[in-house]
Amino acid sequence: MEFRYAWGDGEATVQVQAAGDGLWVTIRRPGQEPVGYRVMVLRCEAERLILRMGERHLLFHVARDGKARVVAQGARVFRLEPPTLREARPPAAGDLTAVMPGKVLDVLVQPGQRVDAGTPLVILEAMKMELRITAPGDGVVTAVFVRAGDVVNPGQKLVELH
Amino acid sequence: MEFRYAWGDGEATVQVQAAGDGLWVTIRRPGQEPVGYRVMVLRCEAERLILRMGERHLLFHVARDGKARVVAQGARVFRLEPPTLREARPPAAGDLTAVMPGKVLDVLVQPGQRVDAGTPLVILEAMKMELRITAPGDGVVTAVFVRAGDVVNPGQKLVELH
Amino acid sequence: MSLFRKILVANRGEIAVRIIRACQELGIATVAVYSEADAAALHTSLADEAVCIGPPPPLQSYLQAETLLAVAREHGCDAVHPGYGFLAENADFAAAVAAVGLTFIGPSAAAMRAMGGKIPSRQVMEAAGVPVVPGYHPVAVEPAEQTVELAAAAERLGYPILIKATAGGGGKGMRIVTDPARLAVELESARREAQNAFGDPTVYLEKLIPDPRHIEFQILADHYGHVIHLGERECSIQRRHQKIIEETPSPALTPELRARMGAAAVAAAQAVGYTNAGTVEFLLAPDGRFYFLEMNTRLQVEHPITEAVTGIDLVKAQIRIAAGQPLPWRQEAITWRGHAIEARIYAEDPANQFLPATGRVLLLSAPVGPGIRVDTGIMAGDVVGLYYDPMIAKLICWAENRDEAVRKLDWALAHYLIAGVTTNIPYLQAIVRHPAYRRGELSTDFVARHLAAWQPPLAEPSDEVLVAAAVADFQGDGVTPMAGAIQPGGEPYSPWRVADGFRLGGG
Amino acid sequence: MSLFRKILVANRGEIAVRIIRACQELGIATVAVYSEADAAALHTSLADEAVCIGPPPPLQSYLQAETLLAVAREHGCDAVHPGYGFLAENADFAAAVAAVGLTFIGPSAAAMRAMGGKIPSRQVMEAAGVPVVPGYHPVAVEPAEQTVELAAAAERLGYPILIKATAGGGGKGMRIVTDPARLAVELESARREAQNAFGDPTVYLEKLIPDPRHIEFQILADHYGHVIHLGERECSIQRRHQKIIEETPSPALTPELRARMGAAAVAAAQAVGYTNAGTVEFLLAPDGRFYFLEMNTRLQVEHPITEAVTGIDLVKAQIRIAAGQPLPWRQEAITWRGHAIEARIYAEDPANQFLPATGRVLLLSAPVGPGIRVDTGIMAGDVVGLYYDPMIAKLICWAENRDEAVRKLDWALAHYLIAGVTTNIPYLQAIVRHPAYRRGELSTDFVARHLAAWQPPLAEPSDEVLVAAAVADFQGDGVTPMAGAIQPGGEPYSPWRVADGFRLGGG
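Chains as they are written, first to last, in the numbering used here: chain X, -18 to 143; chain U, -18 to 143; chain R, 6 to 512; chain D, 6 to 512.
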């Protein structure tokens, strides 16, 4: 699921997907490389949210204000424009590479195949959890570089999209 | 609207109806005469309820616990059995009498008429607000003792039900 | 001991809450009053009874002396506590309360009048031997003559000189003159401004005290002539002539100076037969000289810092004094321990000329911990409007010494969450973290000197914040944690290691 | 000053929160540890890092010394704070921490061992001239001989006499003997119970002190031989040998007695070369004699009341002492101001033998106000389970004198809302409101004597409560107020006047 937030002069797209016993959250800021985080939801209540990211347990207060999403961390309050559930816009074509060591459990697409945003392409096992590598946007698979069972290293190409 | 609450060895039926710019709440405990309160809702939020009753502003914390209604006043916590939206059970037949001085604005029923619980019978004006006197249960109107325009005094019969 | 049966609390917000709680501990019933804007306000539900006294505008509610008196009598009150602001320093109201046989918890109307208006109090102080800022009041009536008269006085007092409006307040009709040649011109414009502001053009001269500190002394006086002081409060940190951070003890006072200023404060109170709690304000010059400024004939907003270091509950003391009890403490028995600082939380926008901010309080979470005290009248869900003072809370921190108190305040500010209304919390943090503040270099122009270039922290949310937002939206607030969301001691992942999970290649 | 870089807080709940906050004020990073049951606990999100150390049972998590040491080293900690309970008084753990080059924030393992076990510490104290309860330890090995030996000793000590297990604790193997004829029999059963409980049948005799008060002294000792005491805490109000209300000063101590007991406490600490914070427990007999009971070689649960009256932050003091700083206070510099009382809030059912209660915290609202401090580790939404100590919060009230402190505590208890789990708050209220407590007539059998017949308050909801329930259900929680719900100062209706709106006639 993908959400878009805007504030002052900035904006970002945040993708949330179930990963193992937690969530995998990918943040895309315009002009920057996407960053992914593994997140454990320790608590999610009316106003309080406790997340585990790495070895930090983060307590947030959250609220909705009309259409805005309000998030507070300590005394700092952030007001984010209404999150809108939406399909990701097709990003610039490119290829997906792993940056963490892992093992390819399954390859779900083949060259020539047309995929929509969010279509799972490859299933990796990394750090004891399954990660579904999904298409960041609509496109066509132009090349697949790995097979099930392969061990991939950081930087290694997995799939090429166009 | 009527709610029934049970606790330990007790229980009560509470009727809530809009009255003027507030609410009129009637509490019926088994074997006791019903008692009515005029209530202003000053705030009703997720966990906090502020009521005005008479000249007191009362702050309550409220929550649901499964099917139970939890109400706290200061440190005192009360757990009430699940409120169930329901029609009142027909009470013992009898007649409705006013205990506050007021003026009859309208009489909505006539002798012989069959009424269901909650059917408005008489509209009174008392203490600057309109009060709808409704049938406490299913039954038949056997007598009407007042007419529009009448001024009624405490103890005066309004309508007889059977 | 029976103090009072029932007290009318003629105020709102945090001070009404503070007074009602003190009454409850003393076993005294309370009646709260509220305007239509405050029907759901915290103070109304704390009191035993709450009475609506009119529409939101203060003139139609909290300043309605007659209504307040009527409510007090109808509800069987035997005393009225005015809090601060509103009618607290209104001598006529104090007199009216007494006239109907109720006790006004504060000084007598006579003492208020003696201390009201700048000139009378200056004269009373001079008579009592309390140092006042050297100044000169014209005797001449005709402006032209006054100008000549004041020019001569200015020469004697020495430049730079300050022009002040007799009926003045809030800096209106105030002028600083450094060049004698500009005196006449400035007098002219000051008179015009005073005329427009107060309907009275009279102005007078005062020697300008450069870089002054604002030091005030808390005094307590019973009805038997016994007056003591509870030490000072330094209130130099101000924005637009309004205090925002106060502390005690003042980094500038020696025990010897404290004793002298305290004695002057007591003398000031005695000079007008003052009773109950009051505050004597002084200007402290860099050369160590101090000058009487004015006396506040009421409880001060910043009273909690004095309570923190002396251990004396000033509101309870006010009530006991008003009930006719003698002061239980002799001056020698008053001791000061540690350091206390108060930061005033305002609903205002420091980035936009401190204009009052309004809105509904969406999230509220006050810091807690040893040595931390929060006095507030707001709850989550409250609407902060424009009718009343934008101060919505006071954060008071106490510690063994100034350095620890400052650290505690810094920590507490960083943990004081108020969402839905813009507040000055980031601005207060900037002050508390400023090296000059840490060094205790305080003066009334601190803000102008050190924070002129202040900018609010970036609104740019961190990745963590964006993650939180998305998770809240993904799960929907209020959803219970996913089963097994907790990973038993699994290998630790540093967020930095995981930080860049998968990248989209360029192109 | 650089104290420590990063501290591992080897505990949970309110004390972990307390320690982490102190570290934050001191600018020291913290690592929290948690069991799988505590993943969402407050202390984990306050710390800079949080590490899961195993399943809920303490033996598999908070008592896992090796795991804790590993976490401390992996995360670059240079010190470990054990809090209280768990490993706090485990000399082997303290030694292990030191062995890996980290600082244990507490006394040395040697001092702990010297004070561990009842008999060694008794001997050390006797040697140091600290009065101990007259007693006798058998020299004979063979039970029959011991019985003869002890019978003679009992005659010397005088009846009633107390039989205690050497390896004892928690009243196991404890017997009161009033009739000499029953001594042999009681010795037998005591030995059996001790054997079963501790695998060691050894018992000894102690003179029974009737109606004793439990008085303990807080001491601080640095690494340079400087030891001071911070006065006493009276912990006589106990239920099932566990403290529930503590206060200082004790109504029973005169300044002279305080000085003597304080000196004894300091002597006790010096006798074992004690360092850091510790507590020396005494029994105070009605005749004014006092006897060393034991020494707690850690921070006490009830430390906040000492902080309140002395103004000294004991956790910060612990950290500074451990960092090698000398005590900044001389004994003469320690002063006590006002009166402080702590009430322990337990998740337990006082109406049912104080059995621990469990549940999810639905609503939580702690009292606030001047002189009120709440130390807690729980948040709304937390689940209170059976794995750990049922104490979920500490409510500390300070005021100028005992009477005001008691009133404040009474007020605060009446405003401490914890819904979802049964607590002892009503029971605490009953104690605080009891005339004997108000009079300061405290003894360890207070509860048994005065509250044996205690019944929980009626569950019967008032009409107000039923109205609130129905309105919440009628409007649905979270609905904003009805437009115009506020009635501008309209004629006041007393609820009693309106109380009986319309009645259904009989029949």
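Some hints could be false.
For the chain U half of the interface with chain D, some residues (derived, Cβ under 10 Å), not all of them [claimed, not checked]:
| # | residue |
| --- | --- |
| 1 | Glu(-17) |
| 2 | Trp(-12) |
| 3 | Leu4 |
| 4 | Cys25 |
| 5 | Leu30 |
| 6 | Met34 |
| 7 | Arg37 |
| 8 | Leu39 |
| 9 | Phe41 |
| 10 | Val58 |
| 11 | Lys84 |
| 12 | Val90 |
| 13 | Pro92 |
| 14 | Val127 |
| 15 | Arg128 |
Worth flagging that the hints you see were computed from the coordinates, not collected in a lab. The beta carbon of each residue, even a glycine, is placed where N, CA and C say it ideally should be.
Against the structure, the hints come out as follows:
The restraint placing U/Glu(-17) at the interface with chain D holds, with a minimum CB-CB distance near 9 Å, inside the 10 Å limit. Given the 10 Å rule on beta carbons, the hint for U/Trp(-12) holds: about 5 Å separates it from the nearest Cβ of chain D. Checking U/Leu4 against chain D: minimum C-beta separation of about 7 Å stays under 10 Å; hint holds. For U/Cys25, the interface hint holds, since its Cβ comes within 10 Å of a Cβ in chain D; the closest pair sits about 5 Å apart.
The closest approach between the C-beta of U/Leu30 and any C-beta of chain D is roughly 6 Å, which is under the 10 Å cut-off, so the hint is satisfied. Because the beta carbon of U/Met34 sits about 5 Å from the nearest beta carbon in chain D, less than 10 Å, this interface hint is met. A distance limit of 10 Å between C-beta atoms decides the matter here; for U/Arg37 the minimum to chain D is near 7 Å, and the interface restraint holds. Below 10 Å, beta-carbon pairs count as interface contacts, and U/Leu39 has one with chain D at about 6 Å; its hint therefore holds.
Nearest Cβ of chain D to the Cβ of U/Phe41: about 4 Å, under the 10 Å cut. The hint holds. Restraint check, U/Val58 versus chain D: the minimum CB separation of about 4 Å is within 10 Å; hint holds. Taking 10 Å as the C-beta contact cut-off toward chain D, the hint placing U/Lys84 at the interface is violated, the least distance being around 15 Å. Given hint, U/Val90 at the interface with chain D, is violated; its Cβ is 16 Å from that chain's nearest Cβ, farther than 10 Å.
Annotation: interface hint on U/Pro92 violated; nearest CB of chain D at approximately 17 Å, more than 10 Å. For U/Val127, the suggested interface contact is broken, since its CB lies about 13 Å from the closest CB of chain D, more than 10 Å. At a threshold of 10 Å, the smallest CB-CB gap from U/Arg128 to chain D is about 18 Å, leaving the interface hint violated.
Hints 11, 12, 13, 14, 15 from the list above are not met by this structure, while the remaining hints are.
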